[in-house]
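J.: Chain residues, written in single-letter form:
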Amino acid sequence: MTILGKERKEDWEVVYEGATGLIDLYEEDPESKGMNSILIGFRNFIDDIFAAIDEGKPFVWHNCGCSPELIKGLDGVQTMPIEVLTVLQDLVGEVDFTVALIDEAESHGVAPEVCSIDKAAVGAVLKDLYPEPACMLYHNTPCDSQIAAIKSLTEMMKKPMRLMDVPYLSTDREVKYLAKQLQEGIPFLEEHTGLKFDWDKFREVREESNRTAEYLRDWNELRRHRPCPQVSKIVALNTALLVAFSGEPEGTKIAKGFRDEAKERIERGESAVEGGEEYRAIWYQDPVWWDLQFYDWMESELKLVIPMDLFGYYAPEALIDTSTPQSMLEGLARKNLKVLPMSRQFKGPIDYYIDDYLRMCADYEADFAIFAGHVACKHGLGGIGLFREASREAGIPLLYFEFDMFDPRVTSAEAIQEEITHFIEDIVAPVKETV
Amino acid sequence: MGKNEILDTLREVIERPRNAYLDRWRGNGGKVMGYYCSYIPEEVFTAAGFLPYRLRGAGSKDSSDGDAYMSSRICTFVRHTVSLALRNELDFLDGVVLMQNCDHIRRAADIFAKKVKVPFNSFLSVPRAPQERLFQWYLDEVRRLKSEIESFFGLTVTNADLEKAIELHNATRERIARLYELRKRDRPPITGEEALGVTIAAHLMPKGEFNNLIDDLLIDLDGKSGNDTYRARIIVTGSEMDDPEYIASIEKQGALSVAEIACFGQRSFGDLIPAGDGDSLERIARHKFFQIPCARMVECFDEQVEMLKNTVRDFNAHAIIFQRIKFCDPWAGDGHSLYWRMKQEGIPFLSLEREYKVPAAGQVGTRVQAFLEQMGK
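For the record, the sequence lines run as chains A and B.
For the first sequence, position 297 matches number 297 in our numbering, and the numbering has no gaps at all.
Here our numbering = 1-based position in the second sequence + 1000.
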């Protein structure tokens, strides 16, 4: 397997091969428009990265708390989320490669309790797997682990870095504060990439984001349908879409694929669960990305579907007024503060975190909820007591367990399966039977 | 009073949440304002007539009350402080001003707001890069805080009040600087364990009374000849450090701590707030915002390294011992980078992980012993 006709480092070839293999598999299933579109998107993204390397385009690294549209206002730049390889490796490649990157970082001195995706990013740099950036633009969300990674990567790369300070709350005052920083970040990007920021290009990018947002909004609505029309594993992929593809036609294509698949399946009267769904749950906090078949298991064995999760939830504040530079900057700031999954819920007071949860449970008519506590998400684990209380007050049965969303060594799929099975048997099913 | 008597007095101050000075302050009708972090402008509390009280977990027997609300992956410092608060052992607080130091304390702030219900509860949104472009936001936050205190407690904080507070806090800074100056001697007249007890107490009692005690202590120390039996002089840095026993377990191996560059240690004081004609609140805010940065701050790592290197040089230290409370993410990032930077600089660097209130003297002893041997000490 080669990427753009050239041999590349094994880690990248593995994800490329994985994406290609899955595309071949899903292409035979015309109903899997959603999975198909994002798999093609992933492979195209890898193509773009390597084409950019070959063409000598300047790279700007960013993190998952940063929606990359501002950077894309520079014509000829290549954006790269620092989490890209780990996400691709877990989703379409081989998780052993992620594990090796985590181990590489830990043996270099990164503390084990730092998020596995951040450790893997450090590991990727240590193994020289990432193209060198012209500069780095980071947001201080969604968590402290990102701060640790940002500082480590800046120290390791010795490249210019600028932080967009995302404050505690998300009111208009915070929107204006962040918008001002975005504007002030433009000369930084121009200086270090050697490219000119183009407001017309930025408008195109923002308009494309709006098109993506429209599809995602519809998609979120369609997944409320009973029975849920579309498989559970696709939901969380929304975050990968937003972090990598925001502002690009590819992003709109993927969102349209998600929407069309849900819409058509509803029209055909199809359910995500063969034989009919019995349980609906909101999956909160983080998805199991090292084994997407886990979701297939939930559907086939437990007749359980996840109509929505935190990564898939697309907030209604997403649309941006593109009439003026200021409205676009404020719109992007608002998106970073109030739309981007994780950044929206993880920062700020616990109410931000709990309110979305309760809204999702109500909107998607969940029978229960699953709090999948990624071990590095201290903001979530630190709020678990208040979260449980809120869930109890709302009458939502809540299953809580800790695991690692990128590293299967922390809690095995079997252990999680057992937790969910027992919870349904002991708590959810008896209540449902009574009702 | 002489050294031993003063240190005993201060030891009592730091042993439990309450202390005799605090009780007397409250007995005289004084109010107390709690806070966690050195980015909170405690001078504003003093100017408003409050005793600034830095939250910590001393006296907490266990963290079970905090554990009911927080996972065991939350740092033990936070779980202990939350436990004290939930057990009403911090009921002397008239208010708390918290901030997003880190994800752990951010959630502690939620628990304070929803479960502890201190009469006054405010939150400061502090930017994460000590850069001029972000200072105005911080200043606006400090102004908002002052207005909230004024409005809630029905008082007015004047410029003159702020100037008096600056003077009082500067007097403390001056004394801490003099104490640290003595520690630069070949034979420092005070150990790290003792000195940390002093700097912790400064956060828990009225500054005026603290300053008087330290005046006596400094006179006594100045004439004393100190310890010269140590094997190496070390700087202790890293995450918050308010446990003299931990320093003692390092020093028992012959590694004399000559500076604690950590929260509750020297980092919490910094230089004096400069005098000036400008807006007093802005001078306070500037001092806080551009203090020696801690790990929560970004775009300032070179400054952090420079400060540590200068401290090693000025205190004639042989090595750095970096300690971090388990699960602290900001210091996990810095610990990693500091290790490699210090390696480049040729400064021996030992990284220790710890739990709050668990001295783990055996483990620490073994690590420090091996470290000293590696250094040929």
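Derived by calculation from the structure, the hints in this document are not laboratory data.
If you're wondering where the values come from, they're calculated on a predicted model, not measured in any experiment.
Ideal placement from N, C-alpha and C gives every residue a C-beta, glycine not left out.
Just so you know, not all the hints are guaranteed correct.
The calculated EDC-like cross-link candidates involving lysine to aspartate or glutamate, where the alpha carbons are at most 16 Å apart (straight line), are [claimed, not checked]:
#	chain 1	residue 1	chain 2	residue 2
1	B	Lys1061	B	Glu1089
2	A	Lys158	B	Glu1299
3	B	Lys1326	B	Glu1355
4	B	Lys1326	A	Asp96
5	B	Lys1115	A	Glu113
Which bits of chain A does chain B cover? Going by a derived footprint, with three or more residues having C-beta under 8 Å, they are [unchecked claim]:
#	region
6	131-145
7	161-172
8	175-187
9	378-388
J.: Now tell me, hint by hint, if it's right for this structure.
T.: Hint-by-hint comparison with the structure:
no.: 1; hint: B:Lys1061 - B:Glu1089; result: holds (11 Å)
no.: 2; hint: A:Lys158 - B:Glu1299; result: holds (12 Å)
no.: 3; hint: B:Lys1326 - B:Glu1355; result: holds (6 Å)
no.: 4; hint: B:Lys1326 - A:Asp96; result: violated (27 Å)
no.: 5; hint: B:Lys1115 - A:Glu113; result: violated (28 Å)
no.: 6; hint: 131-145; result: holds (count 5)
no.: 7; hint: 161-172; result: holds (count 7)
no.: 8; hint: 175-187; result: holds (count 3)
no.: 9; hint: 378-388; result: holds (count 8)
Checked against the numbered hints given earlier, this structure breaks hints 4 and 5; the rest are met.
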